[in-house]
Amino acid sequence: MKQLSGAVHDLASELVSALRGGDHSVAGTTGSLGGDEALTVAAVRTLGADVLLPSTLLRRPAPEPDVAVCRAAVHAYPPGPQSSPTVAWSHWAMERALARVSATPPPSDPPGASGPPGGPDPADDAGPVPDVTALREASWQALTHQLSVLAALAVPGADSAVAAEAARRPVDVSRGFVRAIRRRDWLQAAGAGRWLAVVDGVPATLGLDAGLRFALRMGGADARVALHVHAALLMRASDTPRVAAPGHGSGA
Amino acid sequence: MTEPSDIAVMHEVGDRAIAWLHRNQDGFRPRQDETTSDFEVKDRLKPIGELALIGKVLFREGVAGSRQAALTRQLLDTAWRDHLDGGTILTWMQQQEPLSPIPFEIYVPFHELGYEEPAFEATLRSVHTLESWSAMETPPVRRLGISAFERRFGLPRSISTEAATAATWLGRRPEPWTVEMNVGYAITHTVFHLTDWGENPGGLPAELAEYLTQWLPAWVDDWLDIGHWDLLGELLVVDACLPTPTLDPAAWRGFAEAQTEDGAMPAQRGTLPEGRREDVFDALYHPTLVAAFASVLATSRAMGDLRAPAGSGAA
Numbered sequence: 001m002k003q004l005s006g007a008v009h010d011l012a013s014e015l016v017s018a019l020r021g022g023d024h025s026v027a028g029t030t031g032s033l034g035g036d037e038a039l040t041v042a043a044v045r046t047l048g049a050d051v052l053l054p055s056t057l058l059r060r061p062a063p064e065p066d067v068a069v070c071r072a073a074v075h076a077y078p079p080g081p082q083s084s085p086t087v088a089w090s091h092w093a094m095e096r097a098l099a100r101v102s103a104t105p106p107p108s109d110p111p112g113a114s115g116p117p118g119g120p121d122p123a124d125d126a127g128p129v130p131d132v133t134a135l136r137e138a139s140w141q142a143l144t145h146q147l148s149v150l151a152a153l154a155v156p157g158a159d160s161a162v163a164a165e166a167a168r169r170p171v172d173v174s175r176g177f178v179r180a181i182r183r184r185d186w187l188q189a190a191g192a193g194r195w196l197a198v199v200d201g202v203p204a205t206l207g208l209d210a211g212l213r214f215a216l217r218m219g220g221a222d223a224r225v226a227l228h229v230h231a232a233l234l235m236r237a238s239d240t241p242r243v244a245a246p247g248h249g250s251g252a
Numbered sequence: 001m002t003e004p005s006d007i008a009v010m011h012e013v014g015d016r017a018i019a020w021l022h023r024n025q026d027g028f029r030p031r032q033d034e035t036t037s038d039f040e041v042k043d044r045l046k047p048i049g050e051l052a053l054i055g056k057v058l059f060r061e062g063v064a065g066s067r068q069a070a071l072t073r074q075l076l077d078t079a080w081r082d083h084l085d086g087g088t089i090l091t092w093m094q095q096q097e098p099l100s101p102i103p104f105e106i107y108v109p110f111h112e113l114g115y116e117e118p119a120f121e122a123t124l125r126s127v128h129t130l131e132s133w134s135a136m137e138t139p140p141v142r143r144l145g146i147s148a149f150e151r152r153f154g155l156p157r158s159i160s161t162e163a164a165t166a167a168t169w170l171g172r173r174p175e176p177w178t179v180e181m182n183v184g185y186a187i188t189h190t191v192f193h194l195t196d197w198g199e200n201p202g203g204l205p206a207e208l209a210e211y212l213t214q215w216l217p218a219w220v221d222d223w224l225d226i227g228h229w230d231l232l233g234e235l236l237v238v239d240a241c242l243p244t245p246t247l248d249p250a251a252w253r254g255f256a257e258a259q260t261e262d263g264a265m266p267a268q269r270g271t272l273p274e275g276r277r278e279d280v281f282d283a284l285y286h287p288t289l290v291a292a293f294a295s296v297l298a299t300s301r302a303m304g305d306l307r308a309p310a311g312s313g314a315a
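Protein sequences, first through last, are from chains A and B. Heads up: the first sequence is residues 1 to 252, going by full-length UniProt numbering. Heads up: the second sequence is residues 1 to 315, going by full-length UniProt numbering.
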């Protein structure tokens, strides 16, 4: 699947460019992958909800081609009864992101007015909510690994049960971040660091910003690492709404 | 709460390690025969210093059991009377290198156990007044150690604990993901000096205890995985010095499984030394001593938790 990994790399690089304010054509991020539609759809499914991350973080409408290919990916790779919770959650996040961008307020709305002022969240139309039991019972090492795989769910104001688990255990995820960097597992470090960017209670001595930049410096050749780090730094720089820990009024 | 079976694992490690040290105590002898150079004799004082510091803790901890305490007392007695020739080897080195802190660092724990060499002490008190003693260039963690030994021995301090701690790596509480092996040893020794080698856990400043509580589990996991038993053992000592030790059962099981049949602890996974008896001893004595040290402190803390009234134990 070298072709797929190459496509994933190219797509992640385009997303990094979009996050950093690079030229973002009307053809959308996914338009850069060329004509192989099946490959594009597979690459989009691999990166999941992150394909729509620029519109989520920069609060602008998603290019229609990106939305279309995300829809195609959701339909092409539905989770089956044997799918792991990770796959199910990743699918759930894509559906949720699609529901959100479909309800994106017009660009004239002031930044910061995230979400509709009242009424049901249109994203609640996303499919059934997957299970989080395994995550809840995981050791801090396994928790960090799983959260890192699901880093696309680490977005401002995330209210999934996965995000609630991350918010409940900030010190455990911080330890996992230390462990990942020590092991030179830059992708896991970047994913864990992205979660730490959206939760409260991260010990100040972790040096999260420096750690994110270190992971980018050492492992940024992997575009997925760069994507998570840039997402994290962007969320750290803006006054991102934090994920509420369970019992603190989560709207899940 | 630590399970009784977990306590048994910890205790067994120390029991077997002390038995190995006792069987191999001749290896601590600084002058093996007439061919041993003076340089080598001085170099071989380091293991005796470590034996004294750790042996004192083993001896004092009630949980070690009467057999362990008796073996340890014999080890220390042999080290002082035989290996150090009643302290005269320390005096000999002091004559050659009056400003070296090494004989002083070895003398302090023996002195605390009741051994004495008046000639050594008289010279020490004289040399200690020199400006050069305080000005000696040493790594920060060593300077902290000298300061701690001055306190223990009742000498005026060449630097305060606070100032010495602030200069160490741990004292600055840097990014925990930057810890490499040499930093790991600097951390463990900073904790050893601040707690009088585990005798006084309260000597650890609250902000350092909090920092270690947060990050030590990540380091323990890492060196368990790497299979570096020497540093893992020292990290397990640090854990036992914290206000709420984890006494991590997985780490202790891995550590216990690394111990050889005869009680020796290899320094690293897959590196069991062979060859000359002296070389085997040199490769094994330190991790084995550390294993005994970690075992006795962890067992003591676990037993303390068991004895604590319900509701007052670790969460």
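Incorrect hints may appear among the rest.
Quick list of simulated restraints, FRET-style, between CB atoms [said to hold, decoys possible]:
1. A:Q82 to B:N200: 33 to 43 Å
2. B:I102 to A:T133: 49 to 59 Å
3. A:G201 to B:P4: 28 to 38 Å
4. B:Y185 to A:H9: 33 to 43 Å
5. B:E112 to A:G201: 40 to 50 Å
6. B:T244 to A:D36: 48 to 58 Å
Here are a few chain A residues that sit away from chain B, every Cβ distance over 10 Å (derived from the structure) [what the hints assert, rightly or not]:
7. L4
8. P61
9. Q82
10. E95
11. S102
12. A134
13. P203
14. A210
15. L233
Which residues of chain A face chain B? A few of them, derived with a C-beta cut under 7 Å, are [as the list claims (entries may be wrong)]:
16. V171
17. R179
18. I181
19. R182
20. T205
No lab work stands behind these hints, which were simulated from the structure alone. Predicted, not measured: the structure shown is a model, and the values here were computed from it. Just so you know, even glycine gets a beta-carbon here, dropped at the ideal spot from N, CA and C.
For each hint, the structure was consulted:
no.: 1; hint: A:Q82 to B:N200: 33 to 43 Å; result: violated, 57 Å
no.: 2; hint: B:I102 to A:T133: 49 to 59 Å; result: holds, 57 Å
no.: 3; hint: A:G201 to B:P4: 28 to 38 Å; result: holds, 34 Å
no.: 4; hint: B:Y185 to A:H9: 33 to 43 Å; result: holds, 40 Å
no.: 5; hint: B:E112 to A:G201: 40 to 50 Å; result: holds, 43 Å
no.: 6; hint: B:T244 to A:D36: 48 to 58 Å; result: holds, 56 Å
no.: 7; hint: L4; result: holds, 31 Å
no.: 8; hint: P61; result: holds, 38 Å
no.: 9; hint: Q82; result: holds, 30 Å
no.: 10; hint: E95; result: holds, 35 Å
no.: 11; hint: S102; result: holds, 40 Å
no.: 12; hint: A134; result: holds, 19 Å
no.: 13; hint: P203; result: violated, 5 Å
no.: 14; hint: A210; result: violated, 6 Å
no.: 15; hint: L233; result: holds, 16 Å
no.: 16; hint: V171; result: holds, 6 Å
no.: 17; hint: R179; result: holds, 5 Å
no.: 18; hint: I181; result: holds, 4 Å
no.: 19; hint: R182; result: holds, 5 Å
no.: 20; hint: T205; result: holds, 5 Å
Consistency note: the structure conflicts with the earlier hints numbered 1, 13 and 14.
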